[in-house]
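Throw the hints in and build the complete structure from the sequences for me.
Residues per chain, in single letters:
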Amino acid sequence: MRVPQFSSIRANIITVVVLSSSLAVGIYTMMMTYVNTRTSIDLLDTRLATLADVIGQNSTAALDFSDRKAATEVLGALQRELPIVSACLYDSRGTLFSEYERDEEATPCPGHVGTGRSLGGEHRWVTRNIRHAADFVGSIELTADVRDLKSRNYRLMLIAIMLALLSLAVAGFSGALLQRRISKPVSQLAAAMNRVTADGTFEARVSVEGRDEIAQLAAGFNRMIIELEHRNQVARNAESQLVEQARTDSLTGLPNRRHLVEQLEQELKRLHTEKWIIGLLYIDLDGFKLVNDSLGHGIGDLLLCEVAKRLKARVRATDTLARVGGDEFTVILTGLEREGDATVAADGLIQCLSRSFVIEGTEITIGASIGISTKRPSGGDDPDLMKQADSAMYAAKRSGKNRAVFFSPELGLMARERLTLERELRGAIGRGEIYVEYQPEFSTTTGRLVRFEALARWKHPHLGDISPARFIPVAEESGLIYGLGEFVMEQACRECIEWQRMSSAPIQVAVNVSALQFMSEMFVEEVATILQRTGIKPELLQVELTESVMIGSLHHSAEKMKKLRSMGVTLAMDDFGTGYSSLGYLSGLPFSALKIDRVFVRNLHSGPESSTMLRSMIELGKKMGMRVIVEGVEEESQLDAVVEMGADEVQGYLVGRPSSTPRTNFAEHLDERRKTYDGRLSYLIGS
Amino acid sequence: MISRAANYERVTHNSLWCAVLAVTSLFPISGSLLWGQQDERAVRAAFVFNLTKYVSWPGAHDRLVLGVIGEESIGPVLKQILDGKLSDGRRITVVMHPMDAELKECDLLYVAESAPAKIQSILDRVGSRAVLTVGETDQFTRAGGMVGLVRSGDQIEIEVNRDALRIHQLEMSSRLLKLAVIVSGSGGMR
Numbered sequence: 001m002r003v004p005q006f007s008s009i010r011a012n013i014i015t016v017v018v019l020s021s022s023l024a025v026g027i028y029t030m031m032m033t034y035v036n037t038r039t040s041i042d043l044l045d046t047r048l049a050t051l052a053d054v055i056g057q058n059s060t061a062a063l064d065f066s067d068r069k070a071a072t073e074v075l076g077a078l079q080r081e082l083p084i085v086s087a088c089l090y091d092s093r094g095t096l097f098s099e100y101e102r103d104e105e106a107t108p109c110p111g112h113v114g115t116g117r118s119l120g121g122e123h124r125w126v127t128r129n130i131r132h133a134a135d136f137v138g139s140i141e142l143t144a145d146v147r148d149l150k151s152r153n154y155r156l157m158l159i160a161i162m163l164a165l166l167s168l169a170v171a172g173f174s175g176a177l178l179q180r181r182i183s184k185p186v187s188q189l190a191a192a193m194n195r196v197t198a199d200g201t202f203e204a205r206v207s208v209e210g211r212d213e214i215a216q217l218a219a220g221f222n223r224m225i226i227e228l229e230h231r232n233q234v235a236r237n238a239e240s241q242l243v244e245q246a247r248t249d250s251l252t253g254l255p256n257r258r259h260l261v262e263q264l265e266q267e268l269k270r271l272h273t274e275k276w277i278i279g280l281l282y283i284d285l286d287g288f289k290l291v292n293d294s295l296g297h298g299i300g301d302l303l304l305c306e307v308a309k310r311l312k313a314r315v316r317a318t319d320t321l322a323r324v325g326g327d328e329f330t331v332i333l334t335g336l337e338r339e340g341d342a343t344v345a346a347d348g349l350i351q352c353l354s355r356s357f358v359i360e361g362t363e364i365t366i367g368a369s370i371g372i373s374t375k376r377p378s379g380g381d382d383p384d385l386m387k388q389a390d391s392a393m394y395a396a397k398r399s400g401k402n403r404a405v406f407f408s409p410e411l412g413l414m415a416r417e418r419l420t421l422e423r424e425l426r427g428a429i430g431r432g433e434i435y436v437e438y439q440p441e442f443s444t445t446t447g448r449l450v451r452f453e454a455l456a457r458w459k460h461p462h463l464g465d466i467s468p469a470r471f472i473p474v475a476e477e478s479g480l481i482y483g484l485g486e487f488v489m490e491q492a493c494r495e496c497i498e499w500q501r502m503s504s505a506p507i508q509v510a511v512n513v514s515a516l517q518f519m520s521e522m523f524v525e526e527v528a529t530i531l532q533r534t535g536i537k538p539e540l541l542q543v544e545l546t547e548s549v550m551i552g553s554l555h556h557s558a559e560k561m562k563k564l565r566s567m568g569v570t571l572a573m574d575d576f577g578t579g580y581s582s583l584g585y586l587s588g589l590p591f592s593a594l595k596i597d598r599v600f601v602r603n604l605h606s607g608p609e610s611s612t613m614l615r616s617m618i619e620l621g622k623k624m625g626m627r628v629i630v631e632g633v634e635e636e637s638q639l640d641a642v643v644e645m646g647a648d649e650v651q652g653y654l655v656g657r658p659s660s661t662p663r664t665n666f667a668e669h670l671d672e673r674r675k676t677y678d679g680r681l682s683y684l685i686g687s
Numbered sequence: 001m002i003s004r005a006a007n008y009e010r011v012t013h014n015s016l017w018c019a020v021l022a023v024t025s026l027f028p029i030s031g032s033l034l035w036g037q038q039d040e041r042a043v044r045a046a047f048v049f050n051l052t053k054y055v056s057w058p059g060a061h062d063r064l065v066l067g068v069i070g071e072e073s074i075g076p077v078l079k080q081i082l083d084g085k086l087s088d089g090r091r092i093t094v095v096m097h098p099m100d101a102e103l104k105e106c107d108l109l110y111v112a113e114s115a116p117a118k119i120q121s122i123l124d125r126v127g128s129r130a131v132l133t134v135g136e137t138d139q140f141t142r143a144g145g146m147v148g149l150v151r152s153g154d155q156i157e158i159e160v161n162r163d164a165l166r167i168h169q170l171e172m173s174s175r176l177l178k179l180a181v182i183v184s185g186s187g188g189m190r
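So the protein sequences, as listed, match chains U and R. Heads up: the first sequence at position 455 corresponds to 455 in the numbering used here, and the numbers run straight through without jumps. Heads up: the second sequence at position 130 corresponds to 130 in the numbering used here, and the numbers run straight through without jumps.
Hints are all accurate, no fakes.
Calculated pairs, DSBU-like style, for lysine-lysine (alpha carbon to alpha carbon, straight line, at most 35 Å): (1) R:K79 to U:K69; (2) U:K69 to R:K53; (3) R:K85 to U:K69; (4) U:K560 to U:K401; (5) R:K178 to U:K69.
Simulated coverage check for chain U against chain R, where a stretch passes if three residues somewhere in it have a Cβ under 8 Å from a Cβ of chain R: (6) 59 to 65; (7) 132 to 144.
These are calculated hints, taken from the structure and not from any lab test. In this text, all values refer to a predicted model and were calculated from it rather than measured experimentally. Glycine included, C-beta positions come from ideal geometry on N, C-alpha and C.
Quick look at the structure:
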């Protein structure tokens, strides 16, 4: 592109210079030739007349005295005048007196003056009268040819053409000089422009000296480049700022997922040269959703900032801490010697988050579930560390939360299974795959059936029975728990009304409520709606909550529980002894019943310590004014033991398995007329 | 005077016939003249007339007095042809056989004598006055006459004595001198 443009300018300049100069020279030559010819002819005519007069005067004596010889001699002088072809001297009567001819080619003079002769266009002639002392003595006719004139003109034209060629050469040379002066700086400019556009560098400068337009253009170009460089710098700064922003989480100021992925890639590359292990911790906060839902997003955001601060303070400077999602954080650990170091680091993080936070005066407790994945230098193919850590984190959630789980290949399978379950669960209620089973609870003092606990069941057409332990976490993680919980509670309430018709004594129904469900702003309202819709007496509904309601704001939970209590609903603490179990806040919550987890009954045979622990828990509950219900009673010895320890109510396979048709299966317990006491219980009481 | 011979030769090949033609063209009246002797006299008259145009006299003149001396019959011819004619603005008056008093008035004296003694006598009469003396023989110029119109075959040659011209304060045009045979000799004046 550059070179033809350059040569075009050069060609243009030279062409213009040469053309204009040759045109000027051509016009000049033509004009000169014309003018010269005209002038020469005029001069010739004048000269002819003068010559005729001079010769005539010199001939007067010869004419006067009839001296032909003298006349011929006088005419002979014309030999020195080359253009003169012939001279004819006539006497006073017009008769040829004497003549002169230059050569044989000359046309001879006519015998008498005025007699025409053909002379052709190549000749000029003049006829002059000769007078002497006022007397007419004769006439003379001179003829000249213009051959000499023409040859002189040809010579002149030749010289002009040579001059034209010379001036063309000079013009071409000066044109080339001019071209160099003009197009060289232009080509420099073009080259500089090329450097700027091709290389993107702004170091190109053009140096053209002088004060002409080209120099001004070059100076302007340089200023433009400097301006461009400046603007480019500004744009780059802005860009790097944007890149920084794009790599940073705006809330916590930590690196975001994008940054983390880049960092992880770099660390994996470094692993080719370094001999250490890298670990990836995938942290998901337990109960953050509850905080967000119950206390609002403002508090949630502040909590996240505090969490970020604590985590930041805990990890090493060489580690990379990032926020990769709502309440998800990730840490890249580098330079590990063993995989176990990652577990140690994860435990440390859990510990640092277990202390309660105080956000705007509200004390908030959360936990963290951490998934761990690691990579050795000789690890072969690069595994997807993020995916592995994510799977491990879900495993941690499912296995009770607030813990760290190391990734194993089985977890990968579990993660896939979880996805399948979630997909299937989404339409399960609509397809009627979810149903409720009821497990009876008996009073140890009266032996009467006092309550059924409603248990959600899922019978999938292909996967078969899916245990609540598998699908409840999935429902909680996917948010399906709200619909599921509402469905179960309404079913249970309708069933409960049927029981009252068969029994003279009131039979309660116990419904498990997930912490997520309980934390929902709408929960109390939903319960009220169900009570109203089913027409059940509030006293017949016992809402069972796990210790996880204590995550988040205890105060907030207490307020909500009080509202339920004021409506007449009974509240029981479920699975007591397995969760966070801070006895400190148990007294602050308006529970009316305490359900001791089945694990304590199961462990009764293992030793006296277990027995003591169970007895203490029963006594603790009773002393706090709560009914104590013992779950998981499967053997008679266990029943005997818990009755002896003072448990108010019992539940377990021994006294009644869950049934989807309780009215049929437990008809004798419901029908007052058929049986007042359960035989087995009566027996126990009796003994 | 080596050049004289060349000059002489040049003039001699003028033909009398041509001169006659020239004169008759100049003077249509000469057509009435007789042929033969009269033709030569007419030519001489024409030559005389033409001579007056090639000679300048000292002082201003509005007329030109032409005296004729001699026994020859040229006198009447000159009188007939030239009397009253204008030569370069000067009226010509022909005076036949002028007396001494008349001779004083003459500007040109035509001497039609061939005898040297008579010629010398006439020239003596003229003295040193500015009178152009014209004769007919080759002795005339050698005797101190100024211009000789000498018959040579059928031609008339012009002989000029430049010394005589100079002595009498007369000037002759170089154009005529080119045609003439220059001779020297002062005659009685010597």
